[in-house]
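S.K.: The primary structure of each chain is shown beneath.
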Amino acid sequence: MDRRDFLKTVGAVGVGIAAADASASTAVHAPPDAFGVLVDTTACIGCRKCEWACNQVNELPVQPLEEFEDKAVFAAMRRPDAGNFTVVNQWPRQEHEGNVWAKVQCLHCNDPACASACLVSALEKQPNGAVKYDPWRCMGCRYCMVACPFQIPAYQYADALSPEVRKCTFCVERISAGERPGCVEICPVECLIYGKREELLSLAHERIGAYPDRYLDHVYGEHEVGGTSWLYIAGQPFPSLGFPELGEQSPARITENIQHGIFRRFIAPVALYATLAQVMWLGSRKDEVAAAAHKAEQHGEEHHE
Amino acid sequence: MRNALLVLTALILSAAPTWARQDQGLDCKQCHVCAQPSKADPCLKQAACPRHVESTKLKADEGPDVVILDDLEDLYVPVRFQHRAHARMVAMDGGCETCHHYTPPNSDHPSCRECHAAGGHAESLKQTGLKGAYHRQCLGCHNDWDGETKCANCHEKKQGERLGGEATGVCEHSNYAPIEMKELIVFSTSYAQGDVVPFHHRNHAEKYELNCSNCHKEQSCARCHTHGAESHPMGELQKVNLHDTCYQCHGKQNCSECHGRKATDLFDHASTGWPLQSYHSRLQCRACHGDANIYVAQDRTCSSCHAQGWGAGFDHTKVGAPLDDVHGELSCEDCHTAGMGQKPDCAGCHDDGRVYDRRRGFGQG
Ligand code: SF4
Ligand code: SF4
Ligand code: SF4
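If you read the protein sequences in the order shown, they are chains A and B. Heads up, the first sequence is in this note's numbering, so the first residue is 1 and it goes up one at a time. Heads up, the second sequence is in this note's numbering, so the first residue is 1 and it goes up one at a time.
Since the hints were made in silico from the structure, they are not lab data. Glycine included, each C-beta is placed from N, C-alpha and C at the ideal position. There could be a bad hint or two in this list.
Over the 10 Å line for every Cβ pair with chain B, so calculated as not near, a few chain A residues [stated by the list, open to error]:
1. Glu66
2. Glu95
3. Asn99
4. Ser121
5. Gly195
6. Glu199
7. Leu200
8. His218
Distance condition first, Cα-Cα at most 27 Å in a straight line; then the derived BS3-like pairs of lysine-lysine [as the list claims (entries may be wrong)]:
9. B:Lys29 with A:Lys71
10. A:Lys71 with B:Lys158
11. B:Lys157 with A:Lys71
12. A:Lys196 with B:Lys150
13. B:Lys126 with A:Lys196
Facing chain A, according to a computed beta carbon distance under 8 Å, are these residues of chain B, among others [said to hold, decoys possible]:
14. Lys59
15. Thr128
16. Gly129
17. Arg136
18. Asn143
19. Lys150
20. Leu184
21. Ser188
22. Gly194
23. Val197
24. His336
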């Protein structure tokens with residue numbers, strides 16, 4: 001049994017128990033002073049300077065700026081990884097020849113699924129909007145990676161000794177010091193706008209209202225998964241820019257309701273241990289069978305010689 | 001106490017800033033939502049800000065040749081922006097307001113920095129900062145054109161003392177072939193009574209003073225300045241539009257006006273009975289025929305065009321007959337006895353039967 005099957009088994013049991021509670025969600029609001037970034041994808045030119053600046057300010061291994069002028073990377077869609085907290089992807093422009101670009105990084109959800117999945121609170125939403133990671137608390141289970149609806153957190157698999165989960169930090173040191181995030185600071189066309197999330201939202205709607213031919217009437221991140229600190233506006237549907245279509249409820253609410261349901265009825269310990277016992281039994285049975293088969297095979301081979 | 005208050009009020013009033021746009025006859029409320037807009041908080045309402053107000057139409061060559069953009073000089077040397085070269089290009093379509101998207105009434109084009117603050121979005125969330133404004137203007141087209149966003153295309157990175165803030169901007173693109181106008185394009189069509197349509201491209205552009213955009217409507221720069229390919233592919237003009245384009249000047253009724261002509265059939269003015277010589281042949285058609293699209297025969301008496309200006313100040317070289325010292329002393333009527341602009345009456349003075357010879361001038365006959 002692999003990890004996927006394990007999760008499925010546990011999940012099935014859990015959902016069965018807590019289905020009745022899953023709908024009991026509470027509305028989420030961004031912290032009142034949360035900052036955010038409004039990304040105007042209609043102005044982005046795909047120069048990748050934000051990628052370079054991000055590596056710079058986060059002290060990640062960085063190539064000279066000129067290397068980021070290479071457009072060959074746009075051939076395939078990229079995701080942020082442990083060494084690159086943000087990547088820019090290129091998409092075909094709709095109803096017009098040419099391309100559009102969209103920068104991807106952690107969206108700093110109002111109600112982060114990653115934090116909710118984390119059993120040791122290594123990820124936490126800060127009042128300034130950032131979803132901050134604490135490597136000292138992290139136990140390396142990587143549940144956050146599974147939970148994130150945008151597949152953002154990455155793991156330092158290459159680091160054998162002290163691997164960490166890595167993702168955009170929202171330049172939390174810089175913004176705490178009153179500076180702008182590294183990527184925002186460098187963007188030559190200022191298509192990244194840093195400010196209070198509330199103000200950015202009204203700005204986004206104002207722009208959409210002023211230029212209805214330029215923008216789609218949709219601010220991505222206003223409602224998606226309960227709202228995010230990073231907001232996007234675009235001239236074409238978001239799925240065509242690689243953004244998943246998501247509901248207004250954070251996955252965190254669903255998982256948390258399930259967990260809370262389990263614990264409220266005090267079934268969790270019993271159910272969980274029963275499931276685990278069964279999983280282990282199945283697993284060890286499988287191992288035994290496999291070992292026996294292996295042995296038999298080896299015997300056979302010996303026999304031949 | 002009361003006096004002190006009065007003085008204070010007077011001081012405050014006299015120190016009230018003069019609002020730049022008010023002088024230009026604009027109402028503050030047109031752009032700002034608050035009563036006291038400041039640089040830190042201009043409280044702009046973006047939706048209603050006037051754009052594309054153009055009071056004076058400038059010609060491409062009336063603007064500066066080169067503009068050095070050095071407001072934000074930092075890691076890169078200033079940009080040497082070839083303003084005139086760009087102005088000539090946009091003159092073909094869109095005009096100055098392609099970049100100068102807002103010019104208040106009764107004023108010259110403001111520079112970018114007059115509205116876009118150098119501090120970027122930190123100054124106002126609503127308005128793009130100077131860095132963004134510059135880059136959006138340039139890269140808006142350049143990125144469309146060649147997909148390049150290399151910084152060094154416009155400004156080189158400073159390296160120690162080497163470039164010491166000296167403006168660069170001789171980008172690789174300046175080596176691109178300028179637009180070459182085609183002399184003749186022969187369209188072959190499916191029209192049975194005359195499938196060939198010869199189109200004298202240069203003749204149309206030069207003789208009829210047409211702008212590229214009269215026919216090549218709504219073409220981006222990239223359409224003509226094809227990156228890495230031969231410039232100006234004529235195929236860009238959509239086939240479906242060809243008729244409509246020609247109909248702008250030519251009548252719809254007479255197909256044979258264009259179809260079935262020989263490529264050598266260029267209009268010869270002599271066929272109207274008025275061969276163009278010397279000065280007249282250098283004129284544009286509309287100098288005599290006016291702005292009408294279809295040119296009609298003109299009154300052939302000289303005074304129908306040269307109604308004014310005869311007399312002392314008249315430059316006789318214009319008629320192709322520069323006066324020598326002796327003839328320059330005479331009054332017009334001494335020779336032009338039949339009226340101004342009519343053939344001179346040489347026999348009035350010279351009884352040897354000589355006439356004025358254009359090639360030989362005065363005094364040698
Ligand atoms: S985008 Fe993913 S990693 Fe970022 S806060 Fe939301 S759930 Fe967490
Ligand atoms: S906010 Fe900071 S960490 Fe996040 S993408 Fe921008 S530069 Fe990178
Ligand atoms: S720096 Fe700005 S324009 Fe360049 S790719 Fe990043 S977001 Fe787009």
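S.K.: To test your reading of the hints: which numbers does this structure violate?
M.R.: 1, 3, 5, 6, 7, 9, 12, 14, 20, 21, 22, 23 and 24
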